[in-house]
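Please arrange chain B on chain A, whose structure you already have, making use of the hints.
Line by line, the protein sequences are chains A and B.
Each residue of the first sequence is one higher than the one before, starting from 1 at the first, in this note's numbering.
Each residue of the second sequence is one higher than the one before, starting from 160 at the first, in this note's numbering.
Note that these hints are calculated values from the structure, not bench results.
Some clues are possibly wrong.
Unchecked claim - Quick list of in silico lysine-lysine cross-link-like pairs, BS3-like style, CA-CA up to 25 Å:
| hint | chain 1 | residue 1 | chain 2 | residue 2 |
| --- | --- | --- | --- | --- |
| 1 | A | Lys-148 | B | Lys-801 |
| 2 | A | Lys-20 | B | Lys-195 |
| 3 | A | Lys-43 | A | Lys-148 |
| 4 | A | Lys-43 | B | Lys-195 |
These figures come from a predicted structure and were not determined experimentally.
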Amino acid sequence: MEPRPIILTVNGRTHQVALKPNVTLLHALRDLGYTDVKNGCEKGDCGACTVLLNGKAVNSCLVLAWQADGAQITTAAGLGTVDHPHPIQEALADSGGIQCGFCTPGIVVAAKALLDRNPDPTEEEIREAISGNLCRCTGYSLIIEGIKAAAARLAGGER
Amino acid sequence: MSQGESPELRTVGKPVRRFDALSKAIGATVYADDFKMPGMLYGKALRSPYPSARIVRIHTDRARALPGVACVLTAADIGYAKMIADIPGQTGQRERRGSETPVLAWDRVRYKGEAVALVAAESEELAERALELIHVEYEPLPGVFNPVEAMKPGAPVVFEPDNVVARWKIRKGDVKAGFAAADLIVENTYRVPFVEHAYLEPESGVAWVDERGVINIRVSTQVMEHFRTIARTLGVPQNRVRVQGAFVGGGFGGKEDITTELFLALLAQHTRRPVRLVYTREESILAHSKRHPYIIHHRIGVKKSGRITAVQIELIADSGAYPYLTPYVLLYSTVMATGPYRVDNVWVDAVAAATNNPFTSAFRGFGGPQPCFAYESQMDEIARALGKDPLEVRRVNYLQAGDTTGTGQVIRHPPLLEETARRALEALGEKTPDHGPVRVGRGFASYFQSYGRLMWLHDTSQAWVGMEMDGTVVVRCGAPDHGGGQLSSLCQIASEVLGVPMANVVAYTPDTALTPLAGTTTATRQLYMSGNAVFQAATAVRRVLLDRASKHFEEDPENLDLADSRVFVKSDPDRSLPLVDLVRMCAAEGLPLSNLALFKAPFRDPIDLETGQGDVFPDFTFGTFAVEVGVDTETGQVTVLKNVACHDVGRAINPAAVIGQIQGGSYQGLGYALMENLIVENGEIKTPSLSEYLVPTAVDYPTTQVILLESGTGVGPFGAKGIGEPALTPAAPAVANAVADALGVRIYELPLTPERVLAALERAGDRS
Numbered sequence: 001m002e003p004r005p006i007i008l009t010v011n012g013r014t015h016q017v018a019l020k021p022n023v024t025l026l027h028a029l030r031d032l033g034y035t036d037v038k039n040g041c042e043k044g045d046c047g048a049c050t051v052l053l054n055g056k057a058v059n060s061c062l063v064l065a066w067q068a069d070g071a072q073i074t075t076a077a078g079l080g081t082v083d084h085p086h087p088i089q090e091a092l093a094d095s096g097g098i099q100c101g102f103c104t105p106g107i108v109v110a111a112k113a114l115l116d117r118n119p120d121p122t123e124e125e126i127r128e129a130i131s132g133n134l135c136r137c138t139g140y141s142l143i144i145e146g147i148k149a150a151a152a153r154l155a156g157g158e159r
Numbered sequence: 160m161s162q163g164e165s166p167e168l169r170t171v172g173k174p175v176r177r178f179d180a181l182s183k184a185i186g187a188t189v190y191a192d193d194f195k196m197p198g199m200l201y202g203k204a205l206r207s208p209y210p211s212a213r214i215v216r217i218h219t220d221r222a223r224a225l226p227g228v229a230c231v232l233t234a235a236d237i238g239y240a241k242m243i244a245d246i247p248g249q250t251g252q253r254e255r256r257g258s259e260t261p262v263l264a265w266d267r268v269r270y271k272g273e274a275v276a277l278v279a280a281e282s283e284e285l286a287e288r289a290l291e292l293i294h295v296e297y298e299p300l301p302g303v304f305n306p307v308e309a310m311k312p313g314a315p316v317v318f319e320p321d322n323v324v325a326r327w328k329i330r331k332g333d334v335k336a337g338f339a340a341a342d343l344i345v346e347n348t349y350r351v352p353f354v355e356h357a358y359l360e361p362e363s364g365v366a367w368v369d370e371r372g373v374i375n376i377r378v379s380t381q382v383m384e385h386f387r388t389i390a391r392t393l394g395v396p397q398n399r400v401r402v403q404g405a406f407v408g409g410g411f412g413g414k415e416d417i418t419t420e421l422f423l424a425l426l427a428q429h430t431r432r433p434v435r436l437v438y439t440r441e442e443s444i445l446a447h448s449k450r451h452p453y454i455i456h457h458r459i460g461v462k463k464s465g466r467i468t469a470v471q472i473e474l475i476a477d478s479g480a481y482p483y484l485t486p487y488v489l490l491y492s493t494v495m496a497t498g499p500y501r502v503d504n505v506w507v508d509a510v511a512a513a514t515n516n517p518f519t520s521a522f523r524g525f526g527g528p529q530p531c532f533a534y535e536s537q538m539d540e541i542a543r544a545l546g547k548d549p550l551e552v553r554r555v556n557y558l559q560a561g562d563t564t565g566t567g568q569v570i571r572h573p574p575l576l577e578e579t580a581r582r583a584l585e586a587l588g589e590k591t592p593d594h595g596p597v598r599v600g601r602g603f604a605s606y607f608q609s610y611g612r613l614m615w616l617h618d619t620s621q622a623w624v625g626m627e628m629d630g631t632v633v634v635r636c637g638a639p640d641h642g643g644g645q646l647s648s649l650c651q652i653a654s655e656v657l658g659v660p661m662a663n664v665v666a667y668t669p670d671t672a673l674t675p676l677a678g679t680t681t682a683t684r685q686l687y688m689s690g691n692a693v694f695q696a697a698t699a700v701r702r703v704l705l706d707r708a709s710k711h712f713e714e715d716p717e718n719l720d721l722a723d724s725r726v727f728v729k730s731d732p733d734r735s736l737p738l739v740d741l742v743r744m745c746a747a748e749g750l751p752l753s754n755l756a757l758f759k760a761p762f763r764d765p766i767d768l769e770t771g772q773g774d775v776f777p778d779f780t781f782g783t784f785a786v787e788v789g790v791d792t793e794t795g796q797v798t799v800l801k802n803v804a805c806h807d808v809g810r811a812i813n814p815a816a817v818i819g820q821i822q823g824g825s826y827q828g829l830g831y832a833l834m835e836n837l838i839v840e841n842g843e844i845k846t847p848s849l850s851e852y853l854v855p856t857a858v859d860y861p862t863t864q865v866i867l868l869e870s871g872t873g874v875g876p877f878g879a880k881g882i883g884e885p886a887l888t889p890a891a892p893a894v895a896n897a898v899a900d901a902l903g904v905r906i907y908e909l910p911l912t913p914e915r916v917l918a919a920l921e922r923a924g925d926r927s
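Next comes chain A alone, as it looks inside the complex (with noise of 0.2 Å):
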């Protein structure tokens, strides 16, 4: 099949694009800069390239881009800046939760998706919401712990 235009709106930003098909939203975000959104499997294993799609945090590489029309995109880079790093983030580099990082942004977006839809969550609800995102460095306590840091943030009125 051919290219067909499509908008994809990312982090706030829309981008027109023409995209075959059988293109994954992971590469077409990739392709469109947003390199946050790390590629570690493609098929849906290491949960490197999550996404909220919708606010609902997606494996970008299991969503076709075309699945992704119209839709609100949010990478990790869309919560937050050097400057004005997201609670979650700013929590997670003070835990110690972060090694290589390439596990991470991903690990931001699903946490963000938790403590939106639980803004108190139990340290099993945690481990259970990023269950889905492997990080091999850290053995996930000190992600917990920052997730769990970054709630009581949260609750303190930080955003």
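Just chain B, lined up with the frame of chain A:
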């Protein structure tokens, strides 16, 4: 400030936020796969579908004719190039026999996934299409898939002259007399599987030829010094190859050998265009090294007290299709085979054999975890047979200061082994009772593991530290950072020595053109080696600053200190100057505000090849891992209930980073114990992706409680030891001991899958 003392530390020892953390959290860190060049081509490798076959002919015409294909390379196009896959780095050591590995296979393939051809095309899709158009005529050959079979007469030879890749031995004391004096002899055979690194970032890079004619390779690697191997393989001068190291998305030893570098360099050299090459996950699992499977025969004699009288150990490792670092991994296993115990009579025979399996090489622990599974299982078997407490059996054997290892190396400082074991066991707290079909068991394992490279390699690291005119600091050090916080720790050391906040220090990612060579990020050496180099360089700058300040204040430099970007008189801190003023004074007089330091590891001659005796490593790390498990006797499922890791880390430069290393290493070790198993049948990987090869997720194991001991006796900066690799080593045997405690019967093979647990229960049932 001198090393090893306990000065009042301002930055070192604090759990500071790593300088790379926030940029990773906001997704701003640029990894090797995130980098593009204008006019870039896409590279791909064609890989063998057979584990053992003769290549009759390679037809590339159709691929070359495909529009958009810039280049197709086979071995014939690259002069049948071979690379030296030997211990990497700047050592200048002569290579071993058999270390030459074809870059692209031409006469035969020796493992499934071996590269046969390369393409570069205008798009990834076109490159894939071009691979499909290459036709390789293969004639399948008999293969050998087991190291024991490989050493039998008449076995298919993987490469000439025979399949033995390496042998090492230890002969110490009188083993015969030792066993004769024993009251009990315990003899068992242990097996461990292939393990996949499964770093989240697949191998990736971009290469181009610049305006100087220099081949630039921006790549995910643990070893910058591969530029030398690349130059030699390409037949270009070494100063015409530049490697730029990106932040690495996990390495664990799997990016210690060359991965994409040579393919990238060749394609860029032949096309004169930038080329990008990224492995898919499946290609990564297919094409990079694995942890060695071992068969370990372990025979140990003890007195009634538990005191060891002799050990005899046979180690058999599967090298896979090429040697890579197998001889060194096997040497590490040999050296560490006796465990952290005083043994006067030692006999070790270690051998590695080539097979047509995936090749094996470096993986966190580098030959340490395999023998640890055997020797720590054996210690518990001794305790069971003697009816003694497992800690008591270890206590009478633990290495003490002044004792020697199996190779005769003297342990210089108290190893604190008993303390690590007591603290770890205490922290497990009250025992969880059995519940329903679940039996609860406890186990622990102690270990010793080297940090720093083999002492005869003349290992060095260089670092440059400079102070800018505004009092900020730049660290240039060619140390790849694959997530352990290597560069951040270097910043912290410079910050400490120069009395500036962490935020005022920048360290650059390594680049062979711009950062002094610092050696490999392997062997748990970077904090030790480059930490010392940065300490030396920063100390030299500090000396210049304090000498100049001494004139200003008319005080002895010893009575001056640097902190919070000020210089001050220690006995009268109100007499102080902003650092920036002092820097200007120095600059005005042309005093050197930068320093390039070279840290050299201590040197020893190689061990005696007949006896294995000699000093091997600069130092060792010691510790204990303790665990409580629940074993479901109906399903065979093992659940980790509690786990504690206690290690003497010498000094924690950044305690948050150290805890992260230990928790991460422990988690990998728990995966090794219970889950991870790269299944290889007749040379074919049956777990080819992360859907089949399972690594632990966030719901699999509870948090590892970490207890840090800080003896200050390490050979790293401020008395630090290395912890990156040691963190993993003791977890698996501790779990095996806990499962044996729960069931009353031992499992001798990793991982401890439900099937194996149920089979063990059946055996136990047969017995009773």
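Sort out which numbered hints this structure fails and list those numbers smallest first.
Going through the list in order, the structure violates hint 3 alone and respects the others.
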